[in-house]
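Undergrad: When the letters of the sequence shown are read in order and numbered with this note's numbering, they come out as residues -17 to 72.
Don't read these hints as lab results, they were simulated from the structure.
Hints are supplied without guarantee of correctness; some may be wrong.
The calculated lysine to aspartate or glutamate pairs, modelled on EDC-like cross-linking and capped at a C-alpha distance of 20 Å, are [to be verified]:
{"#": "1", "residue 1": "LYS66", "residue 2": "GLU5"}
{"#": "2", "residue 1": "LYS66", "residue 2": "ASP35"}
{"#": "3", "residue 1": "LYS66", "residue 2": "GLU(-4)"}
{"#": "4", "residue 1": "LYS(-3)", "residue 2": "ASP35"}
{"#": "5", "residue 1": "LYS(-3)", "residue 2": "GLU32"}
{"#": "6", "residue 1": "LYS66", "residue 2": "GLU32"}
{"#": "7", "residue 1": "LYS66", "residue 2": "GLU24"}
{"#": "8", "residue 1": "LYS66", "residue 2": "GLU(-11)"}
{"#": "9", "residue 1": "LYS66", "residue 2": "ASP38"}
{"#": "10", "residue 1": "LYS66", "residue 2": "ASP9"}
{"#": "11", "residue 1": "LYS(-3)", "residue 2": "ASP54"}
Quick caveat, the model's predicted, so the values are computed rather than measured.
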Amino acid sequence: MSGTVAEEMQALLEKAFAPTSLEIINDSGQHAGHSGDDGSGESHFTIVIEAPDFADLTRLARQRAVIAALGDIVGQRVHAVAIKANAPAG
């Protein structure tokens, strides 16, 4: 897939969860020169996602589901991902 890592993550998460809300924030600039910074500008991200699929899952299960949907991106191509995964209110 061409494009940025963030675009690839967005496509994978949209396909896996059909989220009602999804924001992928590139935090790499805040980690320049730190451990895990590979100089690509795409090493650290925050994912804020809301999806009905998360309604009956614990916080840990939601995070694991997001990591699984991202395949080899986390740990192979991205050093760190912070995940805030919630079900829609109501």
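Undergrad: Quick one, are LYS66 and GLU32 close enough, alpha carbons at most 20 Å?
TA: Holds - the C-alpha atoms of GLU32 and LYS66 are around 8 Å apart, at most 20 Å.
Undergrad: Please verify whether LYS66 and GLU(-11) have alpha carbons no more than 20 Å apart.
TA: Between LYS66 and GLU(-11) the Cα gap is close to 18 Å, so the pair holds against 20 Å.
Undergrad: Regarding the pair LYS66 and GLU5, is the alpha-carbon distance no greater than 20 Å?
TA: Holds, at about 10 Å.
Undergrad: Check the hint pairing LYS66 with ASP9 against an upper bound of 20 Å on the C-alpha distance.
TA: The given pair, whose Cα atoms are some 14 Å apart, holds under the 20 Å limit.
Undergrad: If you draw a straight line from the CA of LYS66 to the CA of GLU24, is it 20 Å or shorter?
TA: The given pair, whose Cα atoms are some 19 Å apart, holds under the 20 Å limit.
Undergrad: Tell me if the straight-line CA distance from LYS(-3) to ASP35 falls inside 20 Å.
TA: Holds. LYS(-3) to ASP35 sits at ~12 Å (cutoff 20 Å).
Undergrad: Given the hinted pair LYS66 and ASP35, is their alpha-carbon gap at most 20 Å?
TA: holds (14 Å)
Undergrad: For LYS66 and ASP38, compute the direct alpha-carbon distance and say whether it is at most 20 Å.
TA: holds (15 Å)
Undergrad: Is the straight-line distance between the alpha-carbon of LYS(-3) and that of GLU32 20 Å or less?
TA: holds (13 Å)
Undergrad: Mind checking the alpha carbons of LYS(-3) and ASP54 for me, to see if they're no more than 20 Å apart?
TA: holds (16 Å)
Undergrad: Holds or violated: LYS66 and GLU(-4), Cα atoms, limit 20 Å.
TA: holds (15 Å)
When held up to the earlier numbered hints, the structure conflicts with none and fits them all.
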